[in-house]
Amino acid sequence: MHEMSVTESMLGVVLRHAQRNRAGKVTAINMVLGEFSTVMPESVQFYFDIISKDTIAEGADLNFRRTKLIAKCETCGDEFEVVEYDFTCPGCKGEKSEIISGREFQVESIEIS
Amino acid sequence: MEIEVLEGVFDANEIIARENRALLDELGAFMLNLMASPGAGKTSFIMKTLEGVAGDLQVAVIEGDIAGKVDSERIAATGVPAIQINTGGSCHLEAKQVNTALNRLDLEGAQLVIVENVGNLVCPAEFKLGEDLKVMILSVAEGHDKPIKYPLMFSESDVLIVNKIDLIPHTDFDMEVLEGTVRKMNPSVEIFKISCRTGEGLGAWTEWLKERVKASG
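Residue numbers (my numbering), protein chains in the order written: chain A, 1 to 113; chain B, 1 to 217.
Keep in mind the hints are simulated off the structure, nothing from the lab. Fair warning: there could be bad hints in the mix.
[Unchecked claim] Calculated lysine-lysine pairs in the PhoX-like style (CA-CA distance at most 20 Å, straight line):
#1 B:Lys184 to B:Lys149
#2 B:Lys149 to A:Lys68
#3 B:Lys146 to B:Lys193
#4 A:Lys72 to B:Lys184
#5 A:Lys68 to B:Lys184
#6 A:Lys96 to B:Lys184
#7 A:Lys72 to A:Lys93
#8 A:Lys93 to B:Lys184
#9 B:Lys48 to B:Lys193
Work out the full structure: start from the sequences and follow the hints.
See the structure below:
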């Protein structure tokens, strides 16, 4: 249920950018959502429908582009897709890696009229 | 017309988390973000930690709960400064609430601030508070399969406390399976096996914590 406050933050970002661009209406919101994020698109949609009422973003289409969980091995530098949350590098078996995508929740762009 | 935004939804929280960090650095205090399911033993663990570091570290506690003051009253009864944040239905703490609490607490001389997050294995992992250390508790009765179900928190935590180990003989809990799963997700995690009820393993944890806090100061 943290999607309520997350959706409020998302709407805040959208409205700020919409107003800055003197939008009359926001018709679509394009987001990037990592598969490792705990945010559920369905819940975001549910709360968005409620909290966007009477704002210029009411009725906007929510589009989610999902990104895979990708890590970079700190030993050999290879990037690999993490399968079943095993962060061991498939190439060199290095155990230390850094997540480079799959955690994010970003508003990529908005469509306005 | 399409407008490029490229702004993270958690950015606003992370800016305040960095402010918290700066405030703590100024005070020379170390902050621990404690996360776990409801009933894993967070408050008992804090009480035992307070006993273990008494005389060595000056501590303050921030208690996050959806409602009620039970936890902060329990802590305050020991003489340790404690403040309660009621999230009013929200399932996690955000940096802003911790910022308000940090400004209200008497932090004069505090070396360690323990933040007890709302009982939940999901969302607290998404929100940075400005902490030095993310510590999570898994209690034996919850089962060794929890990392597979809640991977984000297990992969984000610096320390995993396995609590209620005195219950192991009464359950099917498999410590080896748990450790194997967690280490694949998070090879650098520190694991402490404890029982708040019997006191087992608590000494190793509090000694480690004291070292960490002192090393950061």
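Each hint, compared with the structure:
Pair hint Lys184 of chain B plus Lys149 of chain B holds up; C-alpha atoms about 14 Å apart against a cutoff of 20 Å. With a CA separation close to 18 Å, the supplied pair Lys149 of chain B and Lys68 of chain A stays within the 20 Å bound. Taking the CA atoms of Lys146 of chain B and Lys193 of chain B, the gap is about 16 Å. The hint holds against a cut of 20 Å. Restraint check for Lys72 of chain A and Lys184 of chain B: the C-alpha separation of about 15 Å stays at or below 20 Å, so the hint holds.
A distance of roughly 18 Å separates the Cα atoms of Lys68 of chain A and Lys184 of chain B; the hinted pair therefore holds under the 20 Å criterion. Among the hinted pairs, Lys96 of chain A with Lys184 of chain B is consistent with the structure: their alpha-carbon atoms are about 10 Å apart, no more than 20 Å. A threshold of 20 Å between alpha carbons decides the hint, and for Lys72 of chain A with Lys93 of chain A the separation of about 12 Å falls inside it, so the pair holds. Annotation: proposed proximity of Lys93 of chain A to Lys184 of chain B holds, straight-line Cα distance about 11 Å (limit 20 Å).
Restraint check for Lys48 of chain B and Lys193 of chain B: the C-alpha separation of about 14 Å stays at or below 20 Å, so the hint holds.
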